[in-house]
Structures are given as structure tokens and as C-alpha cells.
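Participant: One line per chain: the protein sequences are A and B, in this order.
With my numbering, letter number 366 in the first sequence gets 366, and the count goes up by one each step, no holes.
With my numbering, letter number 28 in the second sequence gets 1028, and the count goes up by one each step, no holes.
Simulated from the structure, these hints should not be mistaken for lab results.
On a predicted model such as this, the values are computed, not experimentally measured, just so you know.
Heads up, the beta-carbon is just placed ideally off N, CA and C, and yes, glycines get one too.
Take these hints with a grain of salt, some might be off.
[Unchecked claim] Rough simulated footprint, nothing fancy, chain B against chain A, three-plus residues with beta-carbon under 8 Å: (1) 315 to 321; (2) 326 to 334; (3) 385 to 392.
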Amino acid sequence: MIRNYFKIAYRNLLNNKVYSLINIFGLAIGMAVTIMIFLWIQDEVNFNRSFENHDQIAQVYQSQTFNGQVGTGPAIPRPLEFLFRESYSSNFDKLAMSSWTNSKYLKYEDTNISRSGNYIQEEGLEIFEPNIIKGTEKGLEEVNAIMISESTAKALFGNNDPVGKILKVNSVDDMLVTAVYEDFPQNTTLKDVHFLMPWKHYANSQEWIKNARDQWGNNSFQLFVKLPENLSMETVTANILDSKKKANKEAIQFDTRIFLLPMDDWHLRSNFENGIQTGGRIENVWLFGIIGTFVLFLACINFMNLSTARSEKRALEVGIRKAIGSSKGQLIKQFLSESLVVTMIGFLIAIGLVLIFLSTFNELASKEISFPWSSPEFWFYSLLFIIVTAILAGGYPALYLSSFNPVRVLKGTFNSGRFSALPRKVLVVTQFTVSVVLIIGTLVVMSQIEFSKNRPVGYNKGGLIQIPVMSSDFQGKSDLMRNQFINSGGAIEMATSMSPTTEVWSNRSGYEWEGKPEDFQEDFAWTEVSYEYVETLGMKIIMGRDFSRDFSTDSNAVIINRTAMEYMGMTDPIGKYLTDDDEENPEPPKQIIGVVEDVIIQSPYSPVKQQLYVFDRFNNVNYYNVRLNPKNSVSENLALIENTFKQQFPNLPFKYDFIDEEYAKKFATEERIASLAQIFTVLAIFISCLGLFGLTSFVAERRTKEIGVRKVLGATVTNLWLLLSKDFVSLVLISLIIAIPIAYYFMQGWLQKFSYRTDISLWIFMATAVGTLIITLITVSFQSIKAALANPVNSLRTE
Amino acid sequence: MITIDNLEKFYRTEEVQTVALNKLSFQVKEGEFVAIMGPSGCGKSTLLNILGLLDDPDGGSFVFNGTEVSGFNERKRANLRKHNIGFVFQSFNLIDELTVFENVELPLIYTGVKTADRKTRVHEVLEKMGIMHRRNHFPQQLSGGQQQRVAVARAVVNNPKLILADEPTGNLDSSNGNEVMDLLTELNEAGTTIIMVTHSEHDAKYSHRIIRMLDGEKVTENVLV
């Protein structure tokens, strides 16, 4: 019996090559998209799951309220660690303070490379359990120890054993390699941690870190914890929620809350809005999950439509089978096995497509997904997927076809009825509605990106590079380097800064100024910069002046941005003072000497934050910002600068970033979404048109005689073309009417998450409507013109 | 074997109701060969569909082999049909995607005969119909006469007690038509009951009895043998 089903299925496929190709390729494309999205979702969902204790690991977060705005983040103060160890130790199995993941120069003999990594407490090794390949499990006991990743070991030592060797870190510290660990997997938060050094080394390395020991207000560190097995995240969060408020009375006014963010949430649910966890990348997982389902559904619709459209041909077969003794159930099984055959062939092609396009997909999605040949889970889901698709695509046709009345069919009076095409029309409308929503969505995402890219950044980001100078070799050489760079002809100006141009590394509060309202809880973005910073970046001064070597008082001067001026309620800020409200050990008051136009440092989608550009009195230099000489080409400039750099620092690698590239990275997430969405949209349209093409050829075939009669009666090709096309065009028009409000609603919602956002302009809808109609007409016309051109004699003779 | 009593069937469209069978009654005994004649639209085909359990009457009784079958559900009808009734259609109604062998095999598959037995039975029947050499051809590759032989072969492969033939020679020339009629006569002589709808007086002469119908009613009944 089954053999008979498959035989019929196979022969039917061969006898109807066009339909079969449309069905199989449509399904294959839909399935390939779904498989890739499945792999992507699996990768996202399994992020950090390779840590054995992922469900017991958490990071300590805190949220604080400034003027009604709740800020939430993982930066915590050092005293919290001591408080936890002293008064809350029963809540934790392990606690580990850590620095942020930062780049360092690692040098062994003549090899000097830059790698990122962390300083972390010894217990961190028991939380994250790096897989030790060589050396000791307790690699952080000694204050001058360093553990390095396998790839770092390879880069520094080749095939030699690194354990016991001394590394020069940032040209200052001699660190003993105690262990080599397997690189953390790509889909973990720790993927960039290529070395681990002892926290105790960090804690005593710099003055500000030492001072931070007792500063509850200095939120500059990370704290990771592992819970005992009998405690849940919720319980511990409840226990530690008010810990900081109890220990530090200042925390009360900021309503400071301490809580745990479970490791399972780090990747997908790390966004907070006003103190409430609002998701994060999980939204993309949902978005692409839905898109994948829709694309597959579109392909299934093709199968349904083409199967039922061809029903008149299959009806006779159904009638005969029923007359001979087939039951309805047997016919349903027969038609389902046909869709199973199509689905299986489609799946095989889909696997082929996935293999071909996986690397492109990885590039677009910035992933490293490999095809899971050996994963039983994948094949199990694939089987399930094939069956579900076969039922989804073949279920309705099977029910429809098997329900034919044999008497009417065999008598030849079979007429599919006035409303038999209605479900098909509904399905076509559904297909195009989904496609149009996708088109509009993609266009809105693209226009939002374009809109934000065109937002004035407030400085000249072209022809500007930054050189990270965190090694102590650079100490005190800023002016020297400035002169040499300019003299080399590769640069026209240079200034230093504490943080990169495109990031805020520090936020400060605790200042008084004239006219500051009572109870105002201020919060400023803070960076420290040198002379000529405004000049180098090309920022625009709207009041006052830049820092100047002519005024010795400028060492206590500050430049503010426009937002800060408005934030402080000042109209004439020049000459006013910001005074430190620390009563015991105040910094000298800072005089405002200039106001600059707002510069986008953080998100191009958000308003610019109130910013203090403070003159760098203590050589807090982390970056050289270099304005390249516009008279030379970029490569000439870079060669000149590198040459100058190497003369001064022969042992240090010359590293630099283009500021415009750094800035462009801010759009990476949205651009990734946009490019993936573009591909899926094109595929959705393609699949829908494939189905439409099949349906038109079916309709043209069925109406051959009518066309012949009309032609004999004098209809022109244009008349016939209009006749055959108008039905489909009107379906697409209905889709547009349904899709536009839906798309508007969803995209309006999507735009809400950007405070700097474009309006959804009318042209998007117009372009979509016109574009969709043109594509429809082209698809439909191919068949309808062919039918209209046919010689009526032939079509009438077939009677 | 068959007793119908006051059988009624109506067809409704939105505006009108047509009477297809109007209180029709007759009997057919086992081993009989009955021809049903009448002008187009007199209800012949409707009658054949009801007798073949493809359709349900709207009134009256239909006793098949001592069982009242009017009001059977589709599953019961299908089951009775596949074991007892074979069909021969005017337009052959072979499945284009199946070969001669596979077309003839189909009823055996639905009655659950084992593969080996199926092969023997199909070969026997094809041999008898003289189309064994064509067993691997598809229907489109055969002449009309050959196609109808295949259809007859398919109708008898299950050894049904009753064969219903709806204008079996309607699409055939006279020599092919005579061959098919001879086949049916042979089957009848071997004990199969045959009810045949026909327009052809020539074909009707092969039967034992002719029932003439008009407007859904029996007009006359001539016994020939």
C-alpha cells in the first residue's frame, strides 16, 4: 500500500514538472531559511551553557535612581565585596571580584602582542572553571601570576611550553605564566578573556583602585558569584536587595538596589529600562523565529494552493479509487505521503542550500555556527520538522481532495464550485500580506539606520585615529609625541583623552553650582582630556574657549557640552564654578571655560548626555587622538605616524583605530538585523511569486477554452492580459490594504525604543505598494500573455 | 440478490428540485444479466450509482444480499463495495499514473490481499483478457478496446458477485464493443451477476432481461431468455 502511495507520488511529480519544481524549490528555500534560523536560535539560546554551573552563576548588578531615572548596570563598588564576605556569606558558594575585560600588551622575548583579559580573584577559577591544559589549577595564588589561553600561548610561544616563563605585561609587570587554559568557547561572554591575572595584583597596582577600597560611590568593578545548590537566584536577590542601603547611608537617597543577573540571562536578557529587565537580544531571537516560521508557512501555502488548484485533475483519480473501494482515510494517507515525499526532497535540497550558504550566513550574523552533522538532537528535530511541514503543507489538500464525491466526479459533472477558489485566494492574500509586512519592516529599519547615520555627530570623525596608550611606556610623553607626529607631516594635531571618542567610561556626581536646585541628583558623563582636544576632534565651540597653554589656571578648568548647560539650568555658564561636595577631601573647584556643541559619544539613537570634558591634571592618558594631515593620503599619514611611533617605542606594537569605523560599529546590531531582514524579505517575496506563477499557469490552462472563445469573438491580447491578471492584482491590493496598517503598528512600536528616530514616511508605503504590484504583474503576465497569444484554433480543437 | 423498493432520489439546485428516481422497485436474482435502458436523464446512472453503493437514496429500501444498505455510512458502503462490486465505466476511468498491472492490482490492495497472491491473480485475469503482454504499459499507450479490457479486468479481479457496467461500449467501435460484450457474457456464464446501463439495443440483446426507464420510473420489463 505504502509503496503504491509513493509510486503515485513519484510519478505525479515527474508528470508535472513545473508544479513539482515550484513546490519542491519553494519548500526547500523555506526549509533552508528555517533551518538556518533554527541553528542561529540554538546558538543564541545555548550561549554560556557550556559553563557547567551556568544555572548557579550570576553577576551582581545594582540599580540607582537619579532624578527619577533609574540606571542599572553591573558596575559595583569595592566595599560591597567585603560586606558580602562578612555579613552575607551564607548566600554564596563563591565570590570573585573582577576588573573589566581590557587589552594589555603581552611580551615574551621579541614577540609583543595585544590581548584582552581580566584581573580576577582566585575563586573566579572555581566559578568559571577554565579547562587547564598545562600548569596548575590554582594559577592565581601568586601575586605575579598570569594564566593565558591556548591561542595566546600559541601566539607567544609557538609550540614551546609557556609554563614557568616570564611575560612582560604592558612593559611594566613581570608575570609568571602558571597555566594555559583552553580558549573559552565563542558563544560565551568570556570569549575575549585571553588571560587571567590575580585580583590582588590589580587592587594594589593603581592609586585610584587602592582608594576605591572604601568608596561606596566608586562603581568601577565587577563581582561574579556562584550560589550554593540549595539557594535560588530569587532568594539571594531578596536577601541582598537592600544590602548597600543598610551599609551606606548615601545609597538610600539613590534607592540603591543590589541584585543578581543569572548567567543564563547575560546574553539574551541584559537590557534594563528604568530598573526593569526588558529583554535584550531575546527580542531578536523571537523576531527571527517568527520570520523563519512565516517563510516556511509561505512555502507551505504554495504547496496547498497548487495541490488544490490541480484538484480537478486529481478528482477523477479520487473517484476511481473510491469506486474501487478506497476509504477516505486511505486517500488522506495517500495524499499525505505525497506531501511527505515532496517535503523530504525539499529537506534534502534545503540541507544542501544550508551547507552552501552557512558561511555567508555566519558572516552576516557574526556567528561561528557549524553544521551539526553529529548532533542527534538536530536530526531528531529535523525529522519532526519534516513531518510537521508535510502535515502543514499537505493536510488541507489531503482533506480537500479526499472528500470529493465519486458520483459527481465520475459522471464528469464535477465542478469545484463557486467558492472552491476562495481558500486559495485567502492563502494568496496571506502570503502577500506577510511579504508586504516584511518589506515595510525592512524599509523602516533601513531608513532608521540611515536617519541616525545622518545625525550630526558634533565633530569631524573622518581623518581621525586613536592610538591606545595604556602601557606605562607612554607616561609623560604626550607632548613629545604630539610634536613628533606633527613634525613628521602625518598629523596636523593631537590630543590625549582618558576614554575613547566613541565611549563613555566614567560617570560622576557630587558637584554643586550656582543655582543648583535643592535635592537635584546630578549625573554627568566624564572624561579627562588634554589641550587641543576640541581642536583635534573638530568640535564646535558655542561659548567661551578651548583649553589653552596660555592660562595656567586651565589645569582646573572644564568644558561642558550644550546639554550640560541646559541640564544645569545655566544661560551664561562661562566663568561659573563646579565645586566638589566632598567635605573631607574636596577637589579644587572647576571653572567652566567653554561650551561645545553636543557630540554623540554613546548611542546614535539616544539623546546626548550631559558631558564634562575635564582638563587632565594627572596624566590619565589612555588614548592619543590624532588628526591626520589632509594633504596626504591616509596610507602616507599612517606610515609617517607609525614610523614616528616606532622610533620612540621600538618594542611596542603600533595599534590604531579609525574613529569613523569605531563610530560605525554603533550601527552593527541594527545593520545586522537589516541585512538579515533584507534576505528573508527577498526570499519571502520570491516564494510568494513562485506560488503566484504556478497559480497563474494553472488558471491560464483551465481557461484556455474561454480564452479561445473570447479571442474568436474579437478580444485583443491586451483585453485577455487584463482579464487574467486583474484577479491576482486585486488579491495583492487586498494584501496591501491589510498589511500596511499591521506593518505601521509594529514598526511604530519598534521605533519607540529609539529616542532619536525617523518618522515612517509615506514614501515607504508608496514604494512598497508600487514595487509589490510591479513584481506581481511581471509574475502574472508571463503566463497570461502566453495564454493570450496562443492560437485559439488549437485551444478550441481540443474539445 | 438485489431488491429495491420504492427507491427515491432527488437532485436539488438553488431554484429547482429534480426527481431522478421516482418510487422505483425491482429485483435482480443472483446470476442474472440485466440491461437498463432509457433516454438521457431518465435516471439510469443515478440508479447504477445507488446500486453500486456510491450514492445514497433519499427514500425507499435497498436490500443487497439480504441486508438493508440504504443509510449505511461511507465506511460501511466502501467496505461492502470493495468486496462485492466491480465497476466498468464508459470512459474506462483508469488511473493514468499507474501501469496496466498496477491498475488491475489496485482493488486487491484495498481488500488487503498479500503481494504474492496479488501477482498471481492479476496475471490470471490479464491472461484471460488477452492483455498480458501489455501489463507494463500505461493507459495512454493502449487503444480504447484495450483500455476497456483493462477496466473489465480491474472490475473482476476481486471475483465480485456483481458487476455494474455503465455504457461499457459507449466509447468503442463495434468490433471492440462486441469483444467487451463477449467478455461480460463469459463472466455472467461463470456466475457473476451483471447490471448494465446502455443506449445500445444491440448490446442489450446480450442480457437476460431489459428494464426500460423514463423520468425515474420503470416503464417496461422484457425478459429475453
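Participant: Which of the listed hints are broken here?
Facilitator: 3
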